Amino acid sequence: MRILIVDDESLNRFLLQHMLEDEGYKDCIEAKDGEEALKLAEKHKPDLVLLDVMMPGISGFEVAPILKKLYKGSYLPIIFITALDDRESLIKCLEVGGDDFVSKPFDKLILAAKIRAHARTRLLSKKVDKQNQELLGFQRKVDREHTIVEHIFSNAIVNNESVVKFFDFKVSPAATFNGDLFLCEASPGGGLYYLVGDFTGHGLASAIGALPVTRSFQAMAVKGLSIGEMAFTLNSMLLQLLPPDMFFAAVIVEVDVSGKRLTIWNGGMPQMLLKSKEGELIRKFLSKHMALGILDESEFDSECEVFDTEHGDQLFACTDGLMEITNKDGKMLDEEGVEKWYFASPHVTAEHLYQQARAYLGEAEPHDDMTIAIYRSTPLHDLKENIQISATPFEISLKLSSEALKNEQALESIMNMINSQQGLNWIRSDLFTVLTEMFNNSLEHGLLHLDSRVKRSPEGFITYYEQREKRLSALENGFIHITLIYSPAQKMLTIVMKDSGAGFDIEKVNNPDLTSSSGRGVLLMRELCETIEYSEGGTKATATMKV
Amino acid sequence: MAIKANWENANKALIIKMDEKFDYSKVQEFRHVYTELSEPPKEIRIDLADTQYMDSSALGMLLNMQKHFCDKDKTVNYKIINSRPQVARILKISRFDKKFDIS
Numbered sequence: 001m002r003i004l005i006v007d008d009e010s011l012n013r014f015l016l017q018h019m020l021e022d023e024g025y026k027d028c029i030e031a032k033d034g035e036e037a038l039k040l041a042e043k044h045k046p047d048l049v050l051l052d053v054m055m056p057g058i059s060g061f062e063v064a065p066i067l068k069k070l071y072k073g074s075y076l077p078i079i080f081i082t083a084l085d086d087r088e089s090l091i092k093c094l095e096v097g098g099d100d101f102v103s104k105p106f107d108k109l110i111l112a113a114k115i116r117a118h119a120r121t122r123l124l125s126k127k128v129d130k131q132n133q134e135l136l137g138f139q140r141k142v143d144r145e146h147t148i149v150e151h152i153f154s155n156a157i158v159n160n161e162s163v164v165k166f167f168d169f170k171v172s173p174a175a176t177f178n179g180d181l182f183l184c185e186a187s188p189g190g191g192l193y194y195l196v197g198d199f200t201g202h203g204l205a206s207a208i209g210a211l212p213v214t215r216s217f218q219a220m221a222v223k224g225l226s227i228g229e230m231a232f233t234l235n236s237m238l239l240q241l242l243p244p245d246m247f248f249a250a251v252i253v254e255v256d257v258s259g260k261r262l263t264i265w266n267g268g269m270p271q272m273l274l275k276s277k278e279g280e281l282i283r284k285f286l287s288k289h290m291a292l293g294i295l296d297e298s299e300f301d302s303e304c305e306v307f308d309t310e311h312g313d314q315l316f317a318c319t320d321g322l323m324e325i326t327n328k329d330g331k332m333l334d335e336e337g338v339e340k341w342y343f344a345s346p347h348v349t350a351e352h353l354y355q356q357a358r359a360y361l362g363e364a365e366p367h368d369d370m371t372i373a374i375y376r377s378t379p380l381h382d383l384k385e386n387i388q389i390s391a392t393p394f395e396i397s398l399k400l401s402s403e404a405l406k407n408e409q410a411l412e413s414i415m416n417m418i419n420s421q422q423g424l425n426w427i428r429s430d431l432f433t434v435l436t437e438m439f440n441n442s443l444e445h446g447l448l449h450l451d452s453r454v455k456r457s458p459e460g461f462i463t464y465y466e467q468r469e470k471r472l473s474a475l476e477n478g479f480i481h482i483t484l485i486y487s488p489a490q491k492m493l494t495i496v497m498k499d500s501g502a503g504f505d506i507e508k509v510n511n512p513d514l515t516s517s518s519g520r521g522v523l524l525m526r527e528l529c530e531t532i533e534y535s536e537g538g539t540k541a542t543a544t545m546k547v
Numbered sequence: 001m002a003i004k005a006n007w008e009n010a011n012k013a014l015i016i017k018m019d020e021k022f023d024y025s026k027v028q029e030f031r032h033v034y035t036e037l038s039e040p041p042k043e044i045r046i047d048l049a050d051t052q053y054m055d056s057s058a059l060g061m062l063l064n065m066q067k068h069f070c071d072k073d074k075t076v077n078y079k080i081i082n083s084r085p086q087v088a089r090i091l092k093i094s095r096f097d098k099k100f101d102i103s
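Chains A and B are the protein sequences, given in the same order.
Counted from 1, the first sequence has number 94 at position 94 by our numbering; the numbering is strictly sequential.
Counted from 1, the second sequence has number 76 at position 76 by our numbering; the numbering is strictly sequential.
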């Protein structure tokens, strides 16, 4: 506790200092006039000032307001020690910024008591000051961290522009960070996927889950997974990631290339509404599942609804933030309210609904994030053309020995390699069929000497595959050599399959009997490939596919 | 189990749901679903919502299923539902739309 004594008479200063020392205040500084007082105050930052009023130069009445200004926010007690005792002067002491006064000659006990009282307030003020500084520092740190996180979010959660244009949507977070999520991505099949979801709560804590969901949604979309598998995978991931009281309600939708086939999984979200061009309700898609991140894998139900709609029909989805807004009378909008708004006319935009929601809220701010997404059914053929095809040519060559053929992983590995190439996964379904046909042809006939004629009866069909299994596990010699060559210039994938078998009569294959099981495979390959050729006595097949 | 079978419409319709791959590796399992039935269904629906990959043995399996009930003189209505465009194309190339109601 540092005390500044300001008095032009040295005797007074001496008396005051003595008294203060007796009271235990050892840290005292003295100033003989106003000017010195200001200088010392700035330099030594006293905690309390005992101030004389009448001094040569600047008077105590002038010094007090300057001192107070010097200390800005925090409390500096100033006690006037004055010979004046008229009411006006005493009132002025307090008006110019003084906190108390003592008349000269001063009463030691009263002055000491007053100093103690003001010291307490000063201490309190210092403490508050310190806390304010800490809070300010903390605030700055949080702000900085939020800026970083915002940056990450805005870079990580980005929807594909060529896909996003098919949607009319509005995303409105209640706080800086959004616990709602709207994602869309093209499907390798030519259609698109989208997801509208809502994490429990709002703000940063609920937004954090959006990152892994976005990443895995995008990865799964590129692979062309089904909606059921997407829901299952997201559920397993969130179950492991989220605390038990947190989960993610979501609708996941796949639209096929025609724009008409809707496949929908709704877990814990408000009903989706399908509206005709004329503005009539076609169908509601209610939540049939629990939200993601709750159920164990064994309990999880990935069942979807599939619906064929017409071009121009609109599928509406929103998060519960919209339903749960309340007006000034405390009435909640509810599912019925949203439905009424949406079916007010054939064309109700997301922005219009949002403005309507703001008007409904009146002065109040929404308590939760709000998201509205409307998909209007349109053919999606353009989407495919926007996807870049990998410009890197490559050649993959695998020579599978009898041991490698037994574990039957080869085709899966090839599919994974091809799927990882941008644009090539578009043809993955066709490629799988072609590759499997060629591979099985080499394996079953070339290496295992199986006879397709066995397959003609249902029992024979089973026998055939039982024999396949038996002979494969007994296989000791032989190989199948698979080569895939991708040419970005020609947009062509060439598949060469060479086996160590005895081959077959090429003529026969060129005129297949389409009623037999084996003939179907040949027909399929002809349709799916640009060209297909057999050579080297039937031990080598070369197919080309357009990418 | 990679194949899920469920009954609908008071045990009149059997729904067989395939997973990602409908190929030769499913031969035994697929046959098992319909050969073990005590009562033949009025309708069988093959749900291909999850199926991305198919080969010609899948076509054989479907035909064998028809043959199985045909040999027993049972009239069963066959449907293939929820097929994805690429899979639907394979079924169409193979003229399966003549024998199955494909959607």
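If you're looking for bench data, these hints aren't it; they were derived computationally from the structure.
Computed from a predicted model, the values in this text were never measured in an experiment.
Any given hint might turn out to be false.
Stated by the list, open to error - The calculated label-pair distances, taken between Cβ atoms and stated as ranges, are:
#1 E161/A with Q66/B: 41 to 49 angstroms
#2 K340/A with E8/B: 28 to 36 angstroms
#3 H449/A with K72/B: 31 to 39 angstroms
Idealized CB from N, CA, C, for every residue including glycine.
Do the hints match the structure? See the list:
| no. | hint | verdict |
| --- | --- | --- |
| 1 | E161/A with Q66/B: 41 to 49 angstroms | holds (47 angstroms) |
| 2 | K340/A with E8/B: 28 to 36 angstroms | holds (34 angstroms) |
| 3 | H449/A with K72/B: 31 to 39 angstroms | holds (33 angstroms) |
In this structure, every one of the numbered hints holds.
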